[in-house]
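Top line first, the protein sequences correspond to chains A and B.
At position 219 of the first sequence (counting the first as 1) the number is 219 in our numbering, and the numbers step up by one without a gap.
At position 66 of the second sequence (counting the first as 1) the number is 66 in our numbering, and the numbers step up by one without a gap.
Derived from the structure by calculation, the hints contain no laboratory data.
Keep in mind that a hint or two might mislead.
The list cannot tell twin chains apart, which means a pair is met if one copy fits it or any two copies do.
Calculated lysine to aspartate or glutamate pairs in the DMTMM-like style (CA-CA distance at most 25 Å, straight line) [to be verified]: (1) K171 / E201; (2) K70 / E182; (3) K90 / D246; (4) K193 / E235; (5) K238 / D207; (6) K193 / E32; (7) K200 / E16; (8) K193 / E3; (9) K238 / E151; (10) K57 / D148; (11) K90 / E196; (12) K70 / D148; (13) K171 / D216; (14) K18 / D53.
Number of protein chains: 2
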Amino acid sequence: MNETIKTQLNHRTIREFKDERIPEEIFKTLMEVARRAPTSNGMQSCSIIRVKDNDKKAVVSEVCNQEYVKRTPELLIFIVDQFRNMMIAKEKGGNVDNARDMDRFFQGFTDACLAAQNVVVAAESLGLGTVYFGSILNDPQRIIDTFDLPELTFPVVGLGIGYPNQEPQLKPRMDMSLRLFEDGYKIFDNYLKAIEDYDKEMTQYYDLRDANKRVDSFSDQIVTKLYNPIIKRQEILKTIRNQGFDLKI
Amino acid sequence: MNETIKTQLNHRTIREFKDERIPEEIFKTLMEVARRAPTSNGMQSCSIIRVKDNDKKAVVSEVCNQEYVKRTPELLIFIVDQFRNMMIAKEKGGNVDNARDMDRFFQGFTDACLAAQNVVVAAESLGLGTVYFGSILNDPQRIIDTFDLPELTFPVVGLGIGYPNQEPQLKPRMDMSLRLFEDGYKIFDNYLKAIEDYDKEMTQYYDLRDANKRVDSFSDQIVTKLYNPIIKRQEILKTIRNQGFDLKI
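Turn these sequences into a full structure, and let the hints guide you.
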């Protein structure tokens with residue numbers, strides 16, 4: 001097993017960082033890795049907002065409802081960006097109606113995720129820790145307003161990076177037999193039975209977000225999470241449409 | 001610069017592979033890397049279809065409209081999977097209405113992309129080559145039917161893996177000054193001017209898909225691509241709704 005894969009198998013979310021900035025040289029390398037990430041059709045339809053302003057960090061922290069967001073040495077927001085390509089085509093006199101398609105949105109969304117994960121692997125290979133903030137989507141409109149995101153852009157995921165100040169336990173994951181299927185989807189007769197061992201394993205795991213208690217079994221977590229929706233998250237398509245994308249439904 | 005980052009900066013799409021299977025041991029390692037990929041809320045809401053059947057490979061090849069899809073030694077399809085968690089919660093007697101939210105869809109979509117890119121980096125670190133097939137979305141319904149994808153699942157991206165049988169040139173990418181912004185989105189006065197050098201650089205690049213001619217400038221490519229939409233791609237949300245997701249718009 002090589003160092004790259006060793007790093008990947010050792011991945012864990014880091015939520016507390018040393019009070020130490022990432023050297024600019026290293027940050028540039030990470031951005032070069034983002035730049036070289038695979039991109040749908042070569043269109044490079046994602047961009048990155050680097051959040052340095054403390055007030056803006058505080059807004060993101062509020063949206064995420066996670067206090068430690070403020071304290072991440074580097075905070076990035078990966079966004080769908082069809083605005084740039086639309087402008088390029090427009091300046092060339094091209095027809096840009098189709099830049100508004102949801103197809104384009106998903107291409108940008110995919111690009112943003114691939115770039116983000118490329119950065120995560122690179123960062124971890126350098127001994128840095130990372131934390132994804134999917135919770136920026138608790139209120140996408142506020143993120144859009146805070147960072148002046150123009151039409152045909154949309155926030156995908158936040159990413160915090162820094163030198164780790166904690167050593168969390170490796171989080172248990174369900175067996176791949178539940179997630180990898182040959183030539184067609186496999187439906188199980190009894191899911192609770194299939195995840196029985198995993199359910200037990202999870203209850204042995206301590207989440208550092210609340211280090212004093214063990215976490216619920218996986219199945220109990222799922223029940224709780226599905227029971228507590230966040231309204232603005234449910235209505236994500238409305239905000240996507242407000243950003244100029246044509247839902248075509 | 002370490003080996004991981006060297007591999008990432010050297011990324012290129014491989015479309016022709018040696019006629020040689022990936023050892024099962026290595027495939028397992030790649031799946032372990034997928035398993036350990038970051039996942040939104042710990043919910044692990046993506047799955048993978050491993051396509052071994054040649055007839056099914058031929059279908060994917062047709063959907064993608066790319067003949068070489070058939071010849072990839074390993075062909076994977078990463079999918080949104082909220083079906084599994086919905087079933088788990090249901091068996092526990094939980095309320096599963098919110099499993100249908102688009103928010104859940106996007107969590108699964110993000111998970112699928114992060115897992116896929118994790119696999120790509122791992123594969124390349126082992127000397128394997130990879131190719132993404134975003135074009136499985138040319139006809140998502142046909143992919144759904146071919147692989148019996150149940151409700152609350154959806155195909156995200158295809159991935160081919162194998163030992164490279166070609167050495168493509170590194171593809172030029174636009175400068176990060178166009179894609180990385182501090183504390184807010186930056187709109188350029190003149191995009192064609194901003195990408196002038198990049199446009200020139202692209203015309204010097206040979207794409208091995210058609211090795212006899214240089215490619216268009218980036219701006220010309222954008223104009224062409226935006227001009228030629230694929231209807232079923234534009235209407236992706238209809239298929240997502242057919243899979244049981246509640247668009248809530």
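Each hint, compared with the structure:
no. : hint        : result
1   : K171 / E201 : within (10 Å within a copy, 45 Å between copies)
2   : K70 / E182  : between (44 Å within a copy, 16 Å between copies)
3   : K90 / D246  : within (18 Å within a copy, 34 Å between copies)
4   : K193 / E235 : neither (34 Å within a copy, 38 Å between copies)
5   : K238 / D207 : neither (34 Å within a copy, 39 Å between copies)
6   : K193 / E32  : between (45 Å within a copy, 22 Å between copies)
7   : K200 / E16  : neither (27 Å within a copy, 45 Å between copies)
8   : K193 / E3   : neither (36 Å within a copy, 42 Å between copies)
9   : K238 / E151 : both (13 Å within a copy, 23 Å between copies)
10  : K57 / D148  : within (14 Å within a copy, 44 Å between copies)
11  : K90 / E196  : between (56 Å within a copy, 15 Å between copies)
12  : K70 / D148  : within (20 Å within a copy, 44 Å between copies)
13  : K171 / D216 : within (13 Å within a copy, 47 Å between copies)
14  : K18 / D53   : within (19 Å within a copy, 50 Å between copies)
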